[in-house]
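Chains S, D, A and V, in that order, give the protein sequences. Numbering that gives the first Met the number 0 applies: residue 0 is where the first sequence begins, and numbers increase by one. Numbering that gives the first Met the number 0 applies: residue 0 is where the second sequence begins, and numbers increase by one. Numbering that gives the first Met the number 0 applies: residue 0 is where the third sequence begins, and numbers increase by one. Numbering that gives the first Met the number 0 applies: residue 0 is where the fourth sequence begins, and numbers increase by one.
One should not assume that every hint holds.
[As the list claims (entries may be wrong)] Computed Cβ-Cβ distance ranges for the label pairs, DEER-style: (1) V:V68 / S:E106: 47 to 53 Å; (2) D:V245 / S:N284: 58 to 64 Å; (3) S:G251 / D:S235: 25 to 31 Å; (4) D:E254 / V:N38: 45 to 51 Å; (5) S:N284 / D:P226: 18 to 24 Å; (6) D:K49 / S:N234: 26 to 32 Å; (7) D:P226 / A:T103: 52 to 58 Å; (8) D:I59 / V:N38: 55 to 61 Å; (9) A:G255 / V:P93: 41 to 47 Å; (10) V:G71 / S:E100: 34 to 40 Å.
Quick caveat, the hints were computed from the structure, so don't treat them as lab data. Backbone N, C-alpha and C fix where the C-beta goes; we use that ideal spot for every residue, glycine too.
Protein chains: 4
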Amino acid sequence: MLQSSMMHTVRRLVGSAAAANFSSSAAVNSKVGFIGLGNMGGPMAQNLMKKGHSIIVYDISSSSVEELVGSGASSAESPRAVAAQVDLLISMLPNSANVMECYTGAEGVLKEVKPGTLLLDSSTIAPDVSKQVAKFAAEKGAVFMDCPVSGGVNASKDGTLTFMVGGPANEFVAANELLSCMGKNIVHCGDVGTGQAAKICNNMLLAISMIGTAETMNLGIRLGLDPKLLAGILNSSSGRCWSSDVYNPVPGVMEGVPSSNNYEGGFGSALMAKDLGLAQDAATNSMTPTPLGSLAHQLYRMMQTSGYSKKDFSSVFQFLQPDQK
Amino acid sequence: MLQSSMMHTVRRLVGSAAAANFSSSAAVNSKVGFIGLGNMGGPMAQNLMKKGHSIIVYDISSSSVEELVGSGASSAESPRAVAAQVDLLISMLPNSANVMECYTGAEGVLKEVKPGTLLLDSSTIAPDVSKQVAKFAAEKGAVFMDCPVSGGVNASKDGTLTFMVGGPANEFVAANELLSCMGKNIVHCGDVGTGQAAKICNNMLLAISMIGTAETMNLGIRLGLDPKLLAGILNSSSGRCWSSDVYNPVPGVMEGVPSSNNYEGGFGSALMAKDLGLAQDAATNSMTPTPLGSLAHQLYRMMQTSGYSKKDFSSVFQFLQPDQK
Amino acid sequence: MLQSSMMHTVRRLVGSAAAANFSSSAAVNSKVGFIGLGNMGGPMAQNLMKKGHSIIVYDISSSSVEELVGSGASSAESPRAVAAQVDLLISMLPNSANVMECYTGAEGVLKEVKPGTLLLDSSTIAPDVSKQVAKFAAEKGAVFMDCPVSGGVNASKDGTLTFMVGGPANEFVAANELLSCMGKNIVHCGDVGTGQAAKICNNMLLAISMIGTAETMNLGIRLGLDPKLLAGILNSSSGRCWSSDVYNPVPGVMEGVPSSNNYEGGFGSALMAKDLGLAQDAATNSMTPTPLGSLAHQLYRMMQTSGYSKKDFSSVFQFLQPDQK
Amino acid sequence: MLQSSMMHTVRRLVGSAAAANFSSSAAVNSKVGFIGLGNMGGPMAQNLMKKGHSIIVYDISSSSVEELVGSGASSAESPRAVAAQVDLLISMLPNSANVMECYTGAEGVLKEVKPGTLLLDSSTIAPDVSKQVAKFAAEKGAVFMDCPVSGGVNASKDGTLTFMVGGPANEFVAANELLSCMGKNIVHCGDVGTGQAAKICNNMLLAISMIGTAETMNLGIRLGLDPKLLAGILNSSSGRCWSSDVYNPVPGVMEGVPSSNNYEGGFGSALMAKDLGLAQDAATNSMTPTPLGSLAHQLYRMMQTSGYSKKDFSSVFQFLQPDQK
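Turn these sequences into a full structure, and let the hints guide you.
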């Protein structure tokens, strides 16, 4: 056991050699697995290669795989086949069920994972699912850490993502080295599951603040206040929040934000609804009262049924606008 | 009309001479009326005197009046009697009904107000009531402006209040000079009523953010996150808001805030409930949907019925705490 | 005083003679005033005439007045002019401001009301406004009672309205006689304002139950239940409510209800939003927590901004439907 | 397959012979398994024996087992050991995790279930868990049906429970015969999971109506209405619901309900919170907006943190009472 633990530490240091800006034949030979090559995962995988890593990829979409192969990656037939060839593996998948299938399914990672492998899951999923997969991974001698990201597609492309990492402290160094190839801010949050917890906590407060800002701007405008003036007052007072001073939801108050671009780009309302659903699941399971978080979830759910799914989540301003129709 | 307008401009410039740091016999003779000498009004009146103004005061509490008289103020028998002697008058009262009575009652200011008098009401009340009193004042040739404050008792004492001012732009210079004796940030928000609008908009968003922060911190802690670490993550991310980074509601996360002093001091939950009620009245009257603002109001109302009235409004963290009992 | 009180009792008994199915010259000469001849007031006034009352009417719409005059009513130029000619007066107006103007305005009822006149206001307005008008009326020696109705336009035409009456018990007999010409269920609720209180309480619970039924039916259907089967289970169990067993919001579950007629007819969502606004005002003023009532208000407010204003209030089922778009 | 299906039909008809009021040696020999002997399960098992069934029981509490054994039951060491000896099995457990363990655990029912066995789970759990267990059971040739109950402890003792049954129609006859020994109303709701769906739908609407009734009664009382009068008005109007006309939450309005017994007995707030959590999970998973259901969940969650866990769920009236402190 100790033996295998030492072994994987060695392998991993070698594996991350390129990232540390020096090169060795070992580094060239060691590959990193990457499963899930969507809007977020694709650019992340590209960045790994740019930092000198060889990668072996899998995705259910063959065109996504081909794109990466065209950039120099190799590919495998299944998560299981990826796992068989690597000591380090990253996954970036849409939801809890996908992650469960990817790791524990018949063709899943854990069917052939090597002892000592470090598994980094960047999907945003339920903390309890992260914990469960970590438990199954531990039974195989592997280490599973949850590493959800914030920052969106552009940060994914630019390699400026924030990673919130849950898992054993003594593995964080290795995780940090690899994740630093794809992000600029890597935070160790605690035990496995706490990365997810941090992510959904932040997004719950974000959603609440955004809806609150939208309501407040709507109300102030109806009461005769100029939108820019009102934003200025809030931003220099106790109503200040990220949604009011960086990402104001009222068209024309700020430039370069989705509200001034017909709510295109940004973070879609359906994605916010998903994260709020995870927060509500976690709140229900832990019996934590979250009245505003719960109502925020409902409002984004209602936006989904009213045609706002793909609009940026700041479009709640429009959804709640008294004069919209 | 022009005559009277010129007259009051002259009188007012004279009245504020002391504030402008030069002295004249005219300035010494001209008095400023002050009605409402409570926790907020008392220190405001003291600051006016410190800046060189002679004041004539009224309050229903004779002990409050005596305190000011002891500091050099003169007093009058009624709002009406104050109005008879001044060109500039400030009021600071608990609620809409008090303001209505103070101005339009049988012994009210408007019974004997002189044409051209500038009436500055710093109470936090319904915007519609401000508008109505302004209309009645205009019928007497006086100018009523709403100037609610933010900043609390300490800012009142230190003369560092923020004033949000609603009323005609051409009167703002005079208002600004007088209010600057009691505050450091004087914002002209627009027509009469918009000062109140700005105040209740800010406080609505503040309440939403505070409850959201409390829920989020509670949830994160239940999911295994360290409170300080979680606060740090939020504060460097899109969940950031004044309630998380300046006034965190979790005991021990920050020093010098009410949460670290058993929720004593600060801004009481009952006062927040009152402001949220004003926001809801305004939202109902203007048919503006404010789902989170409305629920925030309900939660502070419930806190009032659960013994939290006098605790700082950040005690919603405790109110919602899963393990409190 | 006693004299005048006796006088009006006598006049009133005479005035209601026709309603009591016997005729006298006095009854023929005595007229009932009626102000507000809209969708509800028009048919009510017609029913008064059918029961043998002579009426004198006023409305801001001259066509509404003409219709009544065509049916045998006389008319007057203003509420004041109506009041000058009657001992009994009924009003049916859209909102609190209209009632305030109708009674206390420059051409209002109270300018010329005779001592002893009984004033019955069937408008649905804020209880506090009813109380205030009653106080002004009492200063003129008149008696004002709030008598809001339930039942809608059809019940108005059929003379089957329910009246919820607030005012002095010793005047209820006279009120009851007159109101019985227009309704079948006349309930004395207590002092002035309690008629309104009963009305808005009922409608608040109705709105909550209706939204609850809509959510529940939506959820059950999504979980695989047949709508009629689910309605049957609810209706024979503890989920039973008027909205589920008499007025089910799901198209096809029941016949003869708005949900099976494209949500046409019935009680419009905008009217429900108005009543819920009154409930919220009353709750705020009385510092009563009403979390679900408050959210119900917000939801009908949001429906107003989403094109549902004129659809029956059961269309909340459609508004919340997951698959609507 | 056909063979085994016929076999189990035969066995089952024999097994339920006693319930059908005729006796045979086969019936005497065939046993029914019963797992979970708590407040609900214990009396249900007793009723099965009273109707002539032999039962073999299991519970983690040995004292609960002993009580049943004292009444004539036999016992087994584990769910697995029960399953080995029966063709019909009933389970009544606290939550989803317990059911999952009971059926799929190392010592679970499915380890030794015989093909053709009918498994009836009366626990209130997530519909998705019922579906999942049913799928695992089908792999063993057994049939799993969800049969949650309504009616509480007294109905359990009296054998008057309502069972909401989800599962294949052709198995409902057999389920119905057995469940009829413990209840009086057995409803087939559809495929597996729909019994749970019906249960949580009903309880969600029940919670909404109850809170709505509590808010409405509180508001009406604050506005001057007599509680009994208000209840009467609601109950004869469109505000009518089970919570207002059968189980009114205001002390003194009705006799024989928990509100008139210090909210003792009845259905505890913590149990309601649990069912509302299941409803929210199902709503989240099916992306169904349920704003009031969601807030109702939060309110019962808050009641749990405020000391109301064991009080009847109608105590929400007290929780929301403006004057409680």
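Each hint tested on the structure:
| no. | hint | result |
| --- | --- | --- |
| 1 | V:V68 / S:E106: 47 to 53 Å | holds, 48 Å |
| 2 | D:V245 / S:N284: 58 to 64 Å | violated, 31 Å |
| 3 | S:G251 / D:S235: 25 to 31 Å | holds, 28 Å |
| 4 | D:E254 / V:N38: 45 to 51 Å | holds, 49 Å |
| 5 | S:N284 / D:P226: 18 to 24 Å | holds, 20 Å |
| 6 | D:K49 / S:N234: 26 to 32 Å | holds, 31 Å |
| 7 | D:P226 / A:T103: 52 to 58 Å | holds, 57 Å |
| 8 | D:I59 / V:N38: 55 to 61 Å | holds, 60 Å |
| 9 | A:G255 / V:P93: 41 to 47 Å | holds, 44 Å |
| 10 | V:G71 / S:E100: 34 to 40 Å | violated, 48 Å |
Hints 2, 10 from the earlier list are contradicted by this structure; the remaining hints agree with it.
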